[in-house]
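Peer 1: Sequence:
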Amino acid sequence: MIKVYKISTIIFVLLVLCAPSCEDEQEAANREEAILTNTKNDIRTEFETDYLTQTSLFAYETTAKQKLSDLADYIHIMADTSLDVTFRKKASEIIKSTFLSENITLRVILLEGEPVKKLEVHTIINMGLENKLPHLPFTFDSIIVHESLQRIGSSTYSGIFMFSQNFTDPAIPEQIIKSIRRYSDFYAVKEDKVFGTDSLKVWNVRLGEIR
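Its first residue numbered 852, the sequence shown is counted upward by one per residue in our numbering.
These are calculated hints, taken from the structure and not from any lab test.
Where is the CB? At the ideal position from N, CA and C, for every residue including glycine.
Be careful, since some hints might not be right.
[As the list claims (entries may be wrong)] Calculated pairs, SDA-like style, for lysine to any residue (alpha carbon to alpha carbon, straight line, at most 20 Å):
#1 K916 - F1046
#2 K969 - L951
#3 K916 - T906
#4 K941 - H973
#5 K1041 - R1002
[Unchecked claim] Estimated spans, in silico, between C-beta atoms of each pair:
#6 E876 - H973: 50 to 56 Å
#7 N881 - V996: 46 to 52 Å
#8 D1020 - L934: 19 to 25 Å
#9 T1007 - L934: 32 to 38 Å
#10 I1023 - I945: 24 to 30 Å
#11 T906 - T1007: 14 to 20 Å
#12 R1002 - F1046: 43 to 49 Å
#13 R1002 - K941: 29 to 35 Å
Please work from the sequences and hints to get the whole structure.
Peer 2: Next comes the structure, spelled out in structure tokens:
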């Protein structure tokens, strides 16, 4: 009987000691859930907004400008037959994701002795990976916003860059052999993006036609 009493007492004490702990764990779980919910709401407020502020528009213009500047480097990497094909394919994927569509037309490829060709993005990628793009190296310089981002639909803003495409001598990279003024469309568009098991419509930057 004494033994049963002792066991009962121990069980009672354990229950008393565990009760606050279990309650604390539940409170902690509730707090974590609340924080997660608030974080998701903040993300939605920041990225799913229908109208972009001037500060956001400036940030997207800056991002688009960097994408345009980097594009020349990725085209060179993709077309460089001395590099491992893995790097070249990765560069081609980045080029493709840079544009609003792989059917966008670009005037950026200059073959020796020929005028600048107007080619679609997917054609340039295929030529590059098939070692059929022996183009002259170039850079995009003096990029300025010719027309600021303007809302053209419920999920799209559009703007225009003006810049110089400078072709250089392969033997003397510092020597510019041809410089052409170019214009490029750029966009801020709302796209679906997956976050774990959830998805949000967020604003992303894409380039358009280069002419």
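Peer 1: For each hint, tell me whether it holds in the structure or not.
Peer 2: Hint-by-hint comparison with the structure:
no.: 1; hint: K916 - F1046; verdict: violated (27 Å)
no.: 2; hint: K969 - L951; verdict: holds (17 Å)
no.: 3; hint: K916 - T906; verdict: holds (15 Å)
no.: 4; hint: K941 - H973; verdict: holds (14 Å)
no.: 5; hint: K1041 - R1002; verdict: holds (12 Å)
no.: 6; hint: E876 - H973: 50 to 56 Å; verdict: holds (55 Å)
no.: 7; hint: N881 - V996: 46 to 52 Å; verdict: holds (48 Å)
no.: 8; hint: D1020 - L934: 19 to 25 Å; verdict: holds (21 Å)
no.: 9; hint: T1007 - L934: 32 to 38 Å; verdict: holds (35 Å)
no.: 10; hint: I1023 - I945: 24 to 30 Å; verdict: holds (28 Å)
no.: 11; hint: T906 - T1007: 14 to 20 Å; verdict: holds (19 Å)
no.: 12; hint: R1002 - F1046: 43 to 49 Å; verdict: violated (25 Å)
no.: 13; hint: R1002 - K941: 29 to 35 Å; verdict: holds (34 Å)
In terms of the numbered hints stated before, the structure departs from hints 1 and 12, listed from lowest to highest.
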